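Engineer: Use the sequences and the hints to build the structure in full.
Sequences listed follow chains A and B, in order. Residue numbering for the first sequence follows the numbering used here, beginning at -15 and increasing consecutively. Residue numbering for the second sequence follows the numbering used here, beginning at -15 and increasing consecutively.
No lab work stands behind these hints: they were computed from the structure. Here the structure is a predicted model, which is why all the values come from computation and not from measurement. One or more of the hints may lead you astray.
Heads up, the list lumps identical chains together, so a pair's fine if it works in one copy or across two of them.
Under the rule of at most 30 Å between Cα atoms (straight-line distance), these lysine-lysine pairs were calculated in the DSSO-like manner [claimed, not checked]: (1) K268 x K154; (2) K164 x K98; (3) K139 x K85; (4) K164 x K154; (5) K284 x K32; (6) K34 x K284; (7) K85 x K98; (8) K98 x K78; (9) K32 x K164; (10) K164 x K284.
There are 2 protein chains.
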Amino acid sequence: MNRFQITILGCGSAIPTTMHNPPSQLVDLNEKLFMIDCGEGTQIQMRKFKARMGKLHSLFISHLHGDHIFGLPGLLSTLSMLGRTADLNIYAHKEISLMIKPFLIYMGNHMSFKINLIPLNPEREELIFENRSIRIFSFPLKHRIATNGFLFEEKESARHIIREMIDFYKIPLTEIPNIKEGADFITEEGIVIPHNRLTSAASPSRRYAYCSDTAYAPEIIPFIRNVELLYHEATFAESELERAGETYHSTARQAAEIAKAAEVKQLVIGHYSSRYNELGLLLKEAIAVFPNTELASEGKVFDL
Amino acid sequence: MNRFQITILGCGSAIPTTMHNPPSQLVDLNEKLFMIDCGEGTQIQMRKFKARMGKLHSLFISHLHGDHIFGLPGLLSTLSMLGRTADLNIYAHKEISLMIKPFLIYMGNHMSFKINLIPLNPEREELIFENRSIRIFSFPLKHRIATNGFLFEEKESARHIIREMIDFYKIPLTEIPNIKEGADFITEEGIVIPHNRLTSAASPSRRYAYCSDTAYAPEIIPFIRNVELLYHEATFAESELERAGETYHSTARQAAEIAKAAEVKQLVIGHYSSRYNELGLLLKEAIAVFPNTELASEGKVFDL
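Structural biologist: The following block contains the structure:
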């Protein structure tokens, strides 16, 4: 199975603490790194956790609050110093140009690579990227400003060739691509060996959903149903339910309610308010509703 | 004696490493924090080393290369979230407005405090700040773009009152300010007690100089002569002398030559190139010329 791995670079919120960096994550899918959000210090976190700058494929920015974007100038500048030549796509609300354009002016157009700003649709779900092995969707969350969640979906892979059957029937190598695509094999004697006997089941298609920042929003459930892993913000404990509503954030219990209703396999919570030195309460409140919950922490890796 | 303390928040250079953050320092002088440079992650370093945001008085930016300023948006935004009301003076090259103005537009003018941009003179030494207890000077360094060094100078304090003498001559409290200012005391019998018998020597006036980034530049020596502590960049080892010249940086030996010629008491070197995992060589090369040299490191505190 291909690697499908999420690394937490930061899971704090607006005010950084000694425990948590501002939001950022890396989705490592099939040797490409997709970055979600880029809070201040993200490039430093990448070094700390030995993520390779050269593998960075594209950036996905949920919304334009500072804690999700203030790491961009440093990261972009470093990528240029390292001599990146491949275009870098940044998927974000269109107003990110208010920040990126002055940055490019500041850099005096001395960047080693081109940045493409690709506006997200804040109103509805959209397929925003697709290649041979994955699809990435954005969908609207419910926050104070236009905010998007992201869904990373591995494409269904071809069935796996069973090596022993190939040897047994002495199937020529030239036939293997056809068999992978679904063809049967016909022996010299004219016997049809069906595709299903020559191959084993394809690896299941895996999905990861990122929902931060957002108020409790059951309307996102259709976008994230049954995912292997859901990252959902849990800025507050239940005692701050009112404050969560006012600021368009979620409590840990609300994150768990979403996970439960969407029937996801595992929930990771993060985006903790700086008021919590100890996260046991948030975890406890989430687990009461959705037992398979984990706390995000800097450097933690989730393998799907 | 008042506190006069320098804390290193970052002493790396353009490309952050797992060992070193981009440049920033705090000068804590008489309970006010003066920040020099503000690389990405500076606010996070402040938290780590328990520096109080509320004590931040003003910012001094040596030059506008990204590694010295990319921490500004995050820091300014956090100060606003924390409800700062006092104006914040930022002393920097005038073109810092290219970065700060778009930031203020991005913030939608929702800042809780006013930012004053105070342009530095890139051509000659200038007194840029003065209050009851300190003077701060900027002076030109020699770098690829306009760059300033800074000198923090404690003002000579008044002589200290000797408590026992006051008691012995029964000097009324109302006379003490005059004595501090230099007056003698005349007893009821008309005997003159000279000022020098009532007071002890003032604390010596201490000075700290910051020189980064800069090529080897003996012309800065008059500005920093005899300081208690000199921070001088030492981006390279002597084997990279040519590269140092091309990039307008210094080698450790060159930093030490400056310290020696300026007859400073102590030298701290920093702004290490990311190529050095181990700094023993830089220290060795500096010590050979100027023995009282120390390596900067994140969190290290220098008490003057």
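Engineer: Does each hint hold? Answer for all of them.
Structural biologist: Evaluation of the provided hints:
1. K268 x K154: Neither, since 58 Å and 68 Å both go past 30 Å.
2. K164 x K98: Neither: 37 Å inside a copy, 65 Å across copies.
3. K139 x K85: neither (35 Å within a copy, 44 Å between copies)
4. K164 x K154: Cα proximity of K164 and K154: one copy only (16 Å, versus 104 Å across).
5. K284 x K32: Answer is both; intra-copy 12 Å and inter-copy 20 Å each pass.
6. K34 x K284: both (12 Å within a copy, 25 Å between copies)
7. K85 x K98: Answer is both; intra-copy 12 Å and inter-copy 24 Å each pass.
8. K98 x K78: both (17 Å within a copy, 28 Å between copies)
9. K32 x K164: neither (40 Å within a copy, 54 Å between copies)
10. K164 x K284: neither (36 Å within a copy, 61 Å between copies)
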